[in-house]
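Protein chains in written order, with this note's numbering: chain A, 1 to 137; chain B, 1 to 137; chain C, 1 to 137.
Simulated from the structure, these hints should not be mistaken for laboratory data. Among the hints, erroneous ones may be present.
The following residues of chain C were derived to be distant from chain B, with all beta-carbon distances above 12 Å [what the hints assert, rightly or not]:
(1) Thr9
(2) Asp124
(3) Arg129
Heads up, simulated DSS-like pairs for lysine-lysine below, C-alpha to C-alpha not over 25 Å straight-line [unchecked claim]:
(4) Lys73(C) / Lys73(A)
(5) Lys73(B) / Lys73(A)
(6) Lys73(B) / Lys73(C)
The model shown is predicted, which means the values in this text are computed figures rather than measured ones. Even glycine gets a Cβ: it sits at the ideal position worked out from N, Cα and C.
Single-letter residue listing:
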Amino acid sequence: MQTDFTIPTNGPGLYEFTAQVAASLHGQTAGVLTLFVQHTSCSLVIQENADPEVQVDLHNYFARLVPPTTDPKMAYLTHTYEGPDDMPAHIKAALLPTHLSIPVRNGQLMLGTWQGIYLFEHRDRAHRRNVIGHLSS
Amino acid sequence: MQTDFTIPTNGPGLYEFTAQVAASLHGQTAGVLTLFVQHTSCSLVIQENADPEVQVDLHNYFARLVPPTTDPKMAYLTHTYEGPDDMPAHIKAALLPTHLSIPVRNGQLMLGTWQGIYLFEHRDRAHRRNVIGHLSS
Amino acid sequence: MQTDFTIPTNGPGLYEFTAQVAASLHGQTAGVLTLFVQHTSCSLVIQENADPEVQVDLHNYFARLVPPTTDPKMAYLTHTYEGPDDMPAHIKAALLPTHLSIPVRNGQLMLGTWQGIYLFEHRDRAHRRNVIGHLSS
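Please work from the sequences and hints to get the whole structure.
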C-alpha cells in the first residue's frame, strides 16, 4: 500500500508531519512503513517532538556544519549557479536521511514517546516536497 | 515477525548486539530485517567488528564533531536544561541512523565479513535502549 | 527477490549504478527495494544526477570533514595501520548510508527527477564492492 504526502515548506528548518503519516495506516495492523523523499535538497529525520528549541538547534548546527557557498571556507565548491544555498543543501541531503523505515504494530507507528517525523528543508525558497510512503507486511 | 531488543548502555560509545539479532531470525530463510531504535539520543550503526580501536575512534570523532554545550563553540545552542550532553546527543542522532535494513538469505543476515551491528549511545548516564526488529518477506 | 550487484571502484568518489538497479526489477510492479552494501569503508547515497560538479563537490566536502590520519587534526585516531585513508573511510561509512530503501510503483523506481543511486567509495585503492538488493512487496 502506497500513500503520497505533499509537505509545503517556507525556508530552512524542520516541518513535522507525524499526524499525516499515522492517519495513512488505515488499520493495517503490522508491518514496516518506508518513507522516501523524492528530492536531493531536503531530508527526512526522526527527532524529539517535545521542546521546539531542539528543532531550532538542529537547524543552526547544520547551518554551521555546511555554510552557504558565500562563506570563504566553502570557496572550493564549484556547483554554485543555483544559489549559495543549493550545494550546501545537497551536502546536507547526503548527511541526513532520504528515507525512514518505521515498524507498525497493532495499527500504530512504533515511535518512541518523544519521536516525531520531520521533513528537514535545506533550501531558502518555499517548496512543495513529495514524500512516498510504502507499507510492507 | 517482530522482535524487541533491550540494549543496556553505560556511557557513550558503541555496543555490539549482532548475535542477538542473528538469533532472532528463527529460521526465516529470506527477507529484509529492519531495526528501529525508539530514542532520539542514540543511534544504530553498522561498523567494523574486527579491531576495537575502530569503535573508540568513531566515538572520539563524533565527540569532536559535536562537542558538549559547555564548549564555547556550541554557545549558540539553546536546548541545554537536560545537561551538556543532551542537545549534542540529538544532533548525533540526526547525523547517524535511527534504523537499519539488512537483507536475510538462507536464514543468515547478509552482513559483510567485517560488519557488526551496534547501538551507538550518545548520553553520559546509563540507559536501557529499546530496538524493534521487523522481518519482511 | 534478491539481486547481487558488483560495483568496481577506482579511488574515492561517487559511482552511479541507477541503470543496473532499474534493470533488476524484472517487471515486479509494486514494493520497496532495499539496497545494502557489505562493506564498512564505502557508502550508498541518492544524489543529484544532473550536474557532475555536485558529485565532485560532495567528495571534496567529505574529504575536508574527515581528513586522512596524516592530518595533524586527526592525530587522536588510533586505527592507522591500514593506511591514512582507512579510519576516515570508516567514519564516512558511519556518516553516510549503508542501505537505501526506494519505493517501486508500476514497475518503476520512484526516484525524483534528479535523483540517482551512487556507491560512494572512501578508499584510495581500487575495490570491487558488493551490494545486495531485496525487493519486498
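What hints, given by number in increasing order, does this structure fail? Those not satisfied come down to hint 3.
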